[in-house]
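Trainee: Next come the chains, spelled out residue by residue.
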Amino acid sequence: MADITRSGGNLRKGARSARWENARRSFYRFRTNVLSMLGLGVLLLLFVIAVTAPAIVPFPQDATGKLHVLERLEPPSTVHPFGTDHVGRDIFSRVLMGTGLALKVGVVIILMAATIGVSLGAVAAYAGGWVDELLMRITDIFLTVPAFILAIAITAALGKGITNVMIGISLVWWPGFARLTRSLVLSLREDAFVEAANGIGASHSRILFRHILPNAVSPIIVKMSTDFGFAVLTAAALGFIGLGAQPPTPEWGAMINSGRDYFPDKWWVATFPGLAIFVVVFSWNLLGDGLRDVLDPRSRR
Amino acid sequence: MTNNDFLLDVRHLKKYFPQRSGLFNQKISFLKAVDDVSFTVPKGRTLGLVGESGSGKTTIGKCVVRFLEVTAGEIRFADINLAELPRQELQRKRSDIQMIYQSPAASLNGRMTIGQIIAEPLWIHRRLRRERAQQRVLELLDIVGLKEEHFYRYPHEFSGGQQQRVGIARALAVNPQLLVLDEPTSALDVSVQAQVLNLLQELQQEFQLTYLFISHDLGVVRYLCDRVALLYLGKIVEIAKVGIIFEQPKHPYTQALISAIPEPDPEDQREQIVLRGDATLARPQRGCPFAPRCQADKLEICEREEPPLRDFGHGHLVACHLYPKGS
Amino acid sequence: MGTPLLDIQDLHVEFRTFDGVSKVLAGVNLRMERGDVLGLVGETGCGKSMTALSIARLIPTPPGRISAGRIHFAGEDILEKAPAEMQPFRARHLGMIFQDPTTNLNPLFTIHEQLIDAVLYQRHRSQRVPGKWKGFLPSARQLRREAHRQALELLKTVGIPDGRRRIFDYPHQFSGGMRQRVLIAMALAGDPDLLIADEPTTALDVTIQAQILLLITDLVKQLGLSVLLITHNLGVVAKTCEKVAVMYAGRVIEQSPVQELFTHPKHPYTRGLLSAVPTKRTRRGELRGIPGMIPNLIDPPSGCRFHPRCPKVMDRCSQQVPPLVQIGPDHSTSCHLYSEHHDE
Numbered sequence: 001m002a003d004i005t006r007s008g009g010n011l012r013k014g015a016r017s018a019r020w021e022n023a024r025r026s027f028y029r030f031r032t033n034v035l036s037m038l039g040l041g042v043l044l045l046l047f048v049i050a051v052t053a054p055a056i057v058p059f060p061q062d063a064t065g066k067l068h069v070l071e072r073l074e075p076p077s078t079v080h081p082f083g084t085d086h087v088g089r090d091i092f093s094r095v096l097m098g099t100g101l102a103l104k105v106g107v108v109i110i111l112m113a114a115t116i117g118v119s120l121g122a123v124a125a126y127a128g129g130w131v132d133e134l135l136m137r138i139t140d141i142f143l144t145v146p147a148f149i150l151a152i153a154i155t156a157a158l159g160k161g162i163t164n165v166m167i168g169i170s171l172v173w174w175p176g177f178a179r180l181t182r183s184l185v186l187s188l189r190e191d192a193f194v195e196a197a198n199g200i201g202a203s204h205s206r207i208l209f210r211h212i213l214p215n216a217v218s219p220i221i222v223k224m225s226t227d228f229g230f231a232v233l234t235a236a237a238l239g240f241i242g243l244g245a246q247p248p249t250p251e252w253g254a255m256i257n258s259g260r261d262y263f264p265d266k267w268w269v270a271t272f273p274g275l276a277i278f279v280v281v282f283s284w285n286l287l288g289d290g291l292r293d294v295l296d297p298r299s300r301r
Numbered sequence: 001m002t003n004n005d006f007l008l009d010v011r012h013l014k015k016y017f018p019q020r021s022g023l024f025n026q027k028i029s030f031l032k033a034v035d036d037v038s039f040t041v042p043k044g045r046t047l048g049l050v051g052e053s054g055s056g057k058t059t060i061g062k063c064v065v066r067f068l069e070v071t072a073g074e075i076r077f078a079d080i081n082l083a084e085l086p087r088q089e090l091q092r093k094r095s096d097i098q099m100i101y102q103s104p105a106a107s108l109n110g111r112m113t114i115g116q117i118i119a120e121p122l123w124i125h126r127r128l129r130r131e132r133a134q135q136r137v138l139e140l141l142d143i144v145g146l147k148e149e150h151f152y153r154y155p156h157e158f159s160g161g162q163q164q165r166v167g168i169a170r171a172l173a174v175n176p177q178l179l180v181l182d183e184p185t186s187a188l189d190v191s192v193q194a195q196v197l198n199l200l201q202e203l204q205q206e207f208q209l210t211y212l213f214i215s216h217d218l219g220v221v222r223y224l225c226d227r228v229a230l231l232y233l234g235k236i237v238e239i240a241k242v243g244i245i246f247e248q249p250k251h252p253y254t255q256a257l258i259s260a261i262p263e264p265d266p267e268d269q270r271e272q273i274v275l276r277g278d279a280t281l282a283r284p285q286r287g288c289p290f291a292p293r294c295q296a297d298k299l300e301i302c303e304r305e306e307p308p309l310r311d312f313g314h315g316h317l318v319a320c321h322l323y324p325k326g327s
Numbered sequence: 001m002g003t004p005l006l007d008i009q010d011l012h013v014e015f016r017t018f019d020g021v022s023k024v025l026a027g028v029n030l031r032m033e034r035g036d037v038l039g040l041v042g043e044t045g046c047g048k049s050m051t052a053l054s055i056a057r058l059i060p061t062p063p064g065r066i067s068a069g070r071i072h073f074a075g076e077d078i079l080e081k082a083p084a085e086m087q088p089f090r091a092r093h094l095g096m097i098f099q100d101p102t103t104n105l106n107p108l109f110t111i112h113e114q115l116i117d118a119v120l121y122q123r124h125r126s127q128r129v130p131g132k133w134k135g136f137l138p139s140a141r142q143l144r145r146e147a148h149r150q151a152l153e154l155l156k157t158v159g160i161p162d163g164r165r166r167i168f169d170y171p172h173q174f175s176g177g178m179r180q181r182v183l184i185a186m187a188l189a190g191d192p193d194l195l196i197a198d199e200p201t202t203a204l205d206v207t208i209q210a211q212i213l214l215l216i217t218d219l220v221k222q223l224g225l226s227v228l229l230i231t232h233n234l235g236v237v238a239k240t241c242e243k244v245a246v247m248y249a250g251r252v253i254e255q256s257p258v259q260e261l262f263t264h265p266k267h268p269y270t271r272g273l274l275s276a277v278p279t280k281r282t283r284r285g286e287l288r289g290i291p292g293m294i295p296n297l298i299d300p301p302s303g304c305r306f307h308p309r310c311p312k313v314m315d316r317c318s319q320q321v322p323p324l325v326q327i328g329p330d331h332s333t334s335c336h337l338y339s340e341h342h343d344e
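Protein chains in written order, with the working numbering: chain A, 1 to 301; chain B, 1 to 327; chain C, 1 to 344.
The hints are simulated quantities; they were obtained by calculation from the structure and are not laboratory data.
Even glycine gets a Cβ: it sits at the ideal position worked out from N, Cα and C.
Treat the hints with care, since some could be wrong.
[As the list claims (entries may be wrong)] Pair by pair, the computed Cβ-Cβ distance ranges are:
| no. | chain 1 | residue 1 | chain 2 | residue 2 | range |
| --- | --- | --- | --- | --- | --- |
| 1 | B | Glu247 | C | Lys221 | 52 to 60 Å |
| 2 | C | Asp100 | B | Pro284 | 27 to 35 Å |
| 3 | C | Pro291 | B | Glu247 | 27 to 35 Å |
Next up, chain A with everything else stripped away, as it sits in the complex (with noise of 0.2 Å):
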């Protein structure tokens, strides 16, 4: 029998190559679909914005409660790219000082739908019976009322500030997950790799976590990428209404709501934080698509 010890060596590297190898196709498989190299570069592009942008921006102290009442309004020139606003604040500083705030606020979001709507719809999946019934017409209540009307309500009941925006839409969103995640477990629920776990003499939590969840994964998460952006999109429309994010913060919503009413006359005041707004949101829709593409486990080949 051969040297265990020894072999342990190069078992290591035979691991480390064997997820190398499996990276590598996938990466390649993502690499040659233009349209999603295009939406992961400009989010990344976006990152280093959100991260860098105090740094970077003329003026950085728009964003934080100076005023220029006296630049009003100013079409957008060298000085001021995109033009000032209706207290003459940079725009083009406010719109990138937002973007993290967007990102953040789309990530909080989403995750938090995510877990809950996941745990949810996989539990009821794989109980099965009254627990499945409990917990699908629960989804059915969160799903009768119009989503925009009732994260509205639940704003307004929390109160304003971005942070209760969030805790209301993901307890909006969650429920998509849910549904799309019991009908994932349901159907692998009956493979024969998760009858052979149950051979084994795994538990249902073994069963559940290690074997189910992990092959449910790919389409969660490219629902969790295409949904990103119209969690970003929501968020602003809240914002848009007065809930969320309080002056002087640079919330895009917000901000499109201050030019409303100097539509279409000063139009730059609306419409580039409308323009930030949709670059997330088309950019996260092509990596979702990309992210489809690449990450099903069984069309290797």
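Using the hints, position chains B and C against chain A.
Mentor: Chains B and C only, in chain A's frame:
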């Protein structure tokens, strides 16, 4: 023979599936997938369960491993009735009875490495960690004819034959006594099938394993099994030592089945018994379930009464009115 | 003798994949005369299905490509034809049936609809098939009535009892064996010269398989049909075929009358295959597989593709592709053990 000689003793196993019909789903009829089946398997031996679609052979396998709950009957494994074990104890007992699946790829979790797959039962039943587990896994890889470097690879990187070996290694991990093999080689190429069959034979000898071998492939059954039970629409119609079944089959269905085996021998001049119709669509209300398709000279009683299994000596049992008296 | 029905010479087919170019067929040579029942045997990846698809020019041409070779059918050069010409050609000369009868029938349409479709397209190819609205015209109705009559005849030919009533059933109301019979009927709708059956009984029970094979044999006698029977099951070949061709990794490595293949197999792969199948006479412990695995077709072994697994391998085997050698009147094999220049 006393009970101690039999590792597996199945008694009057029944598995009925309720079928709802009617406007409000209120009418219940039953699909009798397994209808009063009894058999025994001595330790270290192989019993073949043979049948076509609708015979119930796979259902029996699933009942023995308790993937399905029995409707009635006992599954006695070393004097314990598995059918009645509470879930806690059943889980522990699972280390004694393992299953090998028909589709090797589907039975392995594509997201786990081979090492993890084989080590899992070790963790569940023996709480082995790291080095001890890895050692045992490497041992098992060697036993089934795989290489060390396969440890960190994923199932999809292997061929069907290799994947099935992984399944076998996983099954052997905690030293089972009984293996239920559900068409283990049907999905494999001929040359690979031979490799796996040889492996199964070696393993049986080396580890004193008992096999319940479910298959529709009579050639393979003839090669591997000591005793064979033929199933038709949920009942055993004939059960005997493998030599007897193939040389002197008594039941008309057995005879038809054996004559239908495509033998790789062009000189083979057997009489062809060609059955008409199809098993599942021809289930009669009364009498022998095989009567509608039976090519032998049927008696009047065949349409009226179901024939019981009668003993012809040396463990050869036949359920057919053409053989009214046992030995 | 006349022209052979099917003459494939040195056929090469490639597929572009993520990992490289897969040389799926590497010089296939195959001949069939009219009235032959030829079994094409091999394991996964040997190229038998690919060969069948090539004859019908059904290989998807973006990833796939016929890179070399000739296919002649009843004297006509298949590879020269334009895609538009292939459709009527297929309808007139070829009938194909595949492995799984369940997925090959559309579950949403009755057998009647599907059979009529087959008859109208294949037998009445000269007339344009009436579309949805034109279907109400008297000429179209006449056509459909004729097709219906022919469909019933086909059902009778393939042995489906009570065809008049059952023709209006849906596929799921038929059993597996019956569905396969319907598919055979559809394949015969155009009165083809050659029936290509790709694993027609693999998905069926043994007793049903016996029925279908008997049906095929009857059809050969009744209609003078030629059959290319593709299977991995040597028993099926022994039962139904007169001639056999064995394929391995993209090449035909032995071809002979069926009797001779089993009694005097020449190629080491054929021998290995035969000893891997358990028969009446195989005793415990005698079953021998073939060591190793089917080769990767993207980077196949040089020379003879079987040489890494061959018990009789010689130096030459890895250097040169073995030539086709005539062993007997109809028996040929592609192996260096039998080539003329082989030194004893």
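Trainee: Does each hint hold? Answer for all of them.
Mentor: Results for each hint:
For glutamate 247 of chain B and lysine 221 of chain C, the hinted distance range of 52 to 60 Å is not satisfied, since their beta carbons lie about 32 Å from each other. Distance hint for aspartate 100 of chain C and proline 284 of chain B: a CB-CB separation of about 29 Å, consistent with the stated range 27 to 35 Å. Separation of proline 291 of chain C from glutamate 247 of chain B is about 33 Å and conforms to the stated range, judged on CB atoms against 27 to 35 Å.
Violated hint for the displayed structure: number 1, the only one.
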